[in-house]
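Residue numbers (the working numbering), protein chains in the order written: chain A, 4 to 253; chain B, 42 to 685.
No lab work stands behind these hints, which were simulated from the structure alone.
Quick reminder that beta carbons are idealized off the backbone N, C-alpha and C, glycines included.
Treat the hints with care, as some may be off.
Unchecked claim - FRET-style restraints, in silico, Cβ to Cβ:
1) B:D57 / A:A196: 41 to 51 angstroms
2) A:P80 / B:G398: 58 to 68 angstroms
3) A:E19 / B:S539: 28 to 38 angstroms
Stated by the list, open to error - Away from chain B, derived, C-beta distances all over 12 angstroms, residues of chain A:
4) A33
5) T101
6) P173
7) N174
8) D199
9) N240
Unchecked claim - Cross-link-like lysine to aspartate or glutamate pairs, in silico, DMTMM-like; alpha carbons within 20 angstroms at most:
10) A:K150 / B:E571
11) A:K9 / A:E103
12) B:K288 / A:E38
13) B:K544 / A:E50
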Amino acid sequence: MKVTLKVWRQSGPDAEGAFETFTDVPVDPAMSFLEMLDTVNVQLEAEGKEPVVFDHDCREGICGACGAVVNGLAHGPGKRSTLCQLHLRSFNDGDEITVEPWRASAFPVVRDLMVDRSSFDRIIQAGGYVSVRTGSAPDGNAMPIGKPVADRAMEAATCIGCGACVAACPNASAMLFTSAKVSHLGLVPQGQAERDSRVLGMVDQMDAEGFGGCTNHRECEAACPKGIGVEYIAQLNRDLVRANLGSAAK
Amino acid sequence: MNAPRTPLNLDSKAPDGPIETAWDRHRQAIRLVNPANKRKYTVIVVGTGLAGASASATLAQLGYNVEAFCFQDSPRRAHSIAAQGGINAAKNYQNDGDSVYRLFYDTVKGGDFRAREQNVYRLAQVSVDIIDQCVAQGVPFARDYGGMLANRSFGGALVSRTFYARGQTGQQLLLGAYSALSEQIAKGKVKMHTRTEMLEVVVVDGKAKGIVVRDLRTGAVRSHAADAVVLATGGYGNVFYFATNAKGCNVTAAWRAYKKGAGFANPCFTQIHPTCIPFMGEHQSKLTLMSESLRNDGRVWVPKKQGDTRPPSQIPDAERDYYLERIYPTFGNLVPRDVASRAAKRMVDEGKTVVPGGMGVYLDFRDAIARLGRDAVADRYGNLFEMYERITGDSPFETPMKIYPASHYTMGGLWVDYNLMTTVPGLYAVGEANFSDHGANRLGASALMQGLADGYFVLPYTIGDFLAGEKAGFDDTSHAAFKDAEKAVAQRTDTLMSLSGTKSADHFHRELGHLMWEHCGMARTKEGLEAALPKVADLKERFWAEVNVPGSGDTLNQALERAGRVADFIEFGEVMVRDALTREESCGAHFREEFQTADNEARRDDENFQHGAIWAYEGEGVAPSRHIEPLEFRYVKPSQRSYK
Ligand SMILES: Cc1cc2nc3c(=O)[nH]c(=O)nc-3n(C[C@H](O)[C@H](O)[C@H](O)COP(=O)(O)OP(=O)(O)OC[C@H]3O[C@@H](n4cnc5c(N)ncnc54)[C@H](O)[C@@H]3O)c2cc1C
Ligand code: FES
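Extracted from the complex, chain A is given alone in its bound form (with noise of 0.2 angstroms):
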C-alpha cells in the first residue's frame, strides 16, 4: 500500500514553516506511524537530505514523547492511542495524511514536528509533588487507602504528559494536564497536607505559562491516550474554590 504524506517542516522556532509533500510513500498495514516515518527519514538520510525531526522514544505509548496531529486529529485516528501506537491498518492504500505539530503557544515549535513542552514541567515543578524527604516516610501500610480510591488516583496518575489535551483543545487549555496531577494527588491521604498551594500553585503557573482557560470542549478528553475524563477538570475546580475559601479565611 502508498501514501501520500503531508509533513510540516521548520527550521527552527522563529523560521516560517511549510508542508512539505513525499508522494507514493510505500508502507505496511502492520507498520506504525513512526516506522513509516523513520522509513522516509532513512531515505532522506541516504539522500543527504534532513530528516524530518520529531521527538519519541519508548514507542510503547507510554513515556509521552511523540505526537502530531494527524489529519486534524492529536495522535491521529486511533481511539485511546498514542502516535507510536497508531498503525497503517487505520489507512487506507491512496490516503493523503497531513502532519503537524501540536500547535499552542505554550509549546512553541522547536523544529518540525517537535515542540517544546517544558511548561509542563513547570506545572508540576509549580506543586506537583508531595514533599517527603528521602528515608523519612513512615510503613508502606501504616495508612490503609481503599481500593476505590487508589484506583481513581491511579487512573488519574496515568496520565503521560504528551501534551495532545492542550493540541486538541480549541482554547489551549492545559487543564486536563494539570487537573490529572492535582486529582491524582488529592484523592490520596498523602496529598491532603499541600492540597489547597498544590492547585494554587499549579494553577498560577498554568496561567503564567499562556495556556487558555477551559471552557468545556471536551475535547481533551476524546484526545487523551489515556482516556483521562473531564471529571478531574471538575475535581481541580473545587479543589479551586476550596483552596481560595481556605486561603481568603486566613
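Assemble chain B with the ligands onto chain A, guided by the hints.
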C-alpha cells in the same frame, strides 16, 4: 591478551564480617560531609531515570547542588517509564515466609552466583524502605479491598513480593521520583538540563571533575564542572537493535567513561526476556515486551508435534506440551527469565512453534479465564492485553498470545565498588548503567528496586566518603582537560558530518544488531564468537566510510545523534563479543553451547570463572585488557541452579 597499561583498582571495599550488619557498619565508617558544607559541593548527575532522578532529588535534599542532564525533553520520559510488571521488596506483607535473607538468597541464586554478596544483601535490606518512600510520595500502588498494599509473584521466587501499579509500575515510580526532582528544581537545588547529551567525561588529575555535553537544540558544545560525576544513563540492550528498550537507550555515556579509564564489567551478561511480541517484519523498529507478570496466570505451551499447522484452538490439551510445567514442576511457568528464554528457543529450534510465523510459543489465558473469570483477568492484565491487541490485532481473551524472547536488560555495565564508584575516582554509576547486583541474570522486578536503592538510599551517602576528601567547588572549565574533551567532541562531530556515504546510521545499527543476535545472543559458541570479531571490525570500518549524516553539526540534528550512538555501539560490540568469548562457561543469561549439562542447563565453571570480568581501554586500535574481581560466597553456597 596484552599486558594492561595501568592496573585497575578493583578493591570492592565491601565490608567483611557478618553480612547482616555490613551496610550499617560501612555507613558508620565512611567519611561524612558536614551539613553546612554540603552546599559548597556540586554533583553532576547524568541521566534522570529512576536511578538518576532519585539520586538527584536525594542529593539536593541533603544540601548538595546538583546539575542533572537527560537527552529527552523532560526527565519524566526516561526509559524507566516503560517498566510494566513491578518492583520487589522483602516486606513479607503476605506472610508467606519472605524475608531480607530470602530476597538476598533468590537474587544471588537467580544471578547464578556472579554478583557480590554484600551488595545484594544491602539491596534486599533497603528494598523495604523504597516501598515506604514511594507510598509517601503518593505512588498509587495496587491495593486490596482492605486498603493494604497488594503483591504478585515474579519469576525465580516462591513468594509474592512484587509491588505494582497496574501494568505501569515503572511509570508510577518514575513519576514519583520526577515529582521529588521537580520539587528540588523549584527550590533551585537542582539545575535540570534537558535535551542535552553527555559526550565526554572530564578527568582532572585522575579524578572525574566534569563532563562535556552537546545541547541537542542548538548543537552547542559546553563543559560543566563539578566535584563528582554520577552516571545514571541506563543499559545497552539496544546493541541488538531489536530490543524492548526505548529507542533512545544507548551505551554512549558508559562507553565514553570507559575510554576515560572506567572499567566495563561483564558486558556479555545481557538479558533476553522470554515474553515479547515476536518479530513480525523488517519495517519494525523495536520489539514490545509483554510483562513477565503474565506468567502468573498464563500457561506457556507449544504443539507436541513438530510442524503442527493447526491454529491453537484446534489443538487439544493432550497434544500440547506445557513444557515449562513439565520440565520444571516446582517453578513451572515462573522459572527465571534465562531458563524460560532458552526453553522457548529450544522448542522453536525443534520445530514446535506457533502459526503463522513459526517464531514463538503460546502464552495461554484460557484456564485463568475459566478459573478467575474474565473480569478478574481484565483487572490484572487489561492494559497489557490491549497493548497486545493494538500491535498484533489479536485479543488474548480469544486466542493465546504468541511470544518470543528479545533483548531486554543488561546486567553488565560500569564496574563499581561497594560505594558505587567506578575505577575512576569521583565517577559513580547507578541503576542499569552499573554492573549491578544481578550477576549473570536479573530476576523480574529487581531492576526498579536496584535503581531506586542506588539513587535514594546508597549513593547519596557513599558519595560523601569521596567528597569529604575533596576541596569543594571545583569549577575550572578552562582547565586543559576540559578544552581537550571539547576538542574531541567537536572533532568527532566534524568527522561524522564530513562523511558523504550513502547509508543512514540506522542501516548500520540494524546490521550490528543482526550480527550480535546471531553470534552473541541467546546461545553462543566459540566459533560463532570468533567469527563475529572480524565482522564487527569490518562493520566499524564500513560505518566510518559509508554513513551519511545530513545537515550540520551546529544545530538540532537527530541524524547526527543517531550516528554518534551507533558508532559507540559498534565499538562496544567488540568488547561484548570478547567478553563472551573469554568466559568459557555458561552462567545465567550467558549460554555457551559447549558448556551445558545433559539436560541443557547452564554449566558454570566456578573454579575458573567465579569472578567479574572487567575490561579496560588500552587505546585506539589496541585490544582491551581483561581484569577480574574474584567473588566469594560465604552465605549462599554456589550450587547448580535448579528450578525443578
Ligand atoms: C519494557 C520494559 C519493561 C520493564 N519492566 C520492568 C519491571 O517490571 N520491573 C523491573 O524491575 N524492571 C523492569 N525493566 C527494567 C527497568 O525498567 C530498567 O532497568 C530501569 O528502569 C533502568 O533505570 P535507569 O534509571 O538505570 O535508566 P533509564 O531509565 O534508562 O534512564 C537513563 C537516563 O539517562 C539519560 N541518558 C542516557 N544517556 C545519556 C547521555 N549520553 N547524556 C545525557 N543523558 C543520558 C536518559 O535521558 C535517561 O534520563 C523493564 C525494562 C523494559 C525495557
Ligand atoms: S514514543 Fe513514547 S508514547 Fe509514543
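Here's how the hints hold up against the structure:
Take D57 of chain B and A196 of chain A: their Cβ atoms lie about 44 angstroms apart, and the range 41 to 51 angstroms holds. In this structure the hint that P80 of chain A and G398 of chain B lie 58 to 68 angstroms apart at CB is violated, the actual value being about 28 angstroms. The beta-carbon spacing between E19 of chain A and S539 of chain B, approximately 30 angstroms, falls within the hinted interval of 28 to 38 angstroms. For A33 of chain A, the condition that its CB be more than 12 angstroms from all CB atoms of chain B is violated, with the nearest at approximately 6 angstroms.
No Cβ of chain B approaches the Cβ of T101 of chain A within 12 angstroms, the least distance being about 22 angstroms, so the stated non-interface status holds. At roughly 25 angstroms from the closest C-beta of chain B, the C-beta of P173 of chain A stays outside 12 angstroms, upholding its exclusion from the interface. Non-interface call for N174 of chain A relative to chain B: holds, since the shortest CB-CB distance, roughly 23 angstroms, exceeds 12 angstroms. With a cut of 12 angstroms on Cβ distances, D199 of chain A stays outside the contact zone with chain B, its closest approach being about 16 angstroms.
A cut-off of 12 angstroms between C-beta atoms confirms that N240 of chain A is not in contact with chain B; the least separation is 21 angstroms. Annotation: proposed proximity of K150 of chain A to E571 of chain B is violated, straight-line Cα distance about 56 angstroms (limit 20 angstroms). Pair hint K9 of chain A plus E103 of chain A holds up; C-alpha atoms about 8 angstroms apart against a cutoff of 20 angstroms. Pair hint K288 of chain B plus E38 of chain A holds up; C-alpha atoms about 12 angstroms apart against a cutoff of 20 angstroms.
Between the alpha carbons of K544 of chain B and E50 of chain A the distance comes to roughly 8 angstroms, so the proposed pair stays at or under 20 angstroms and holds.
Checked against the numbered hints above, the structure violates hints 2, 4 and 10; every other hint is satisfied.
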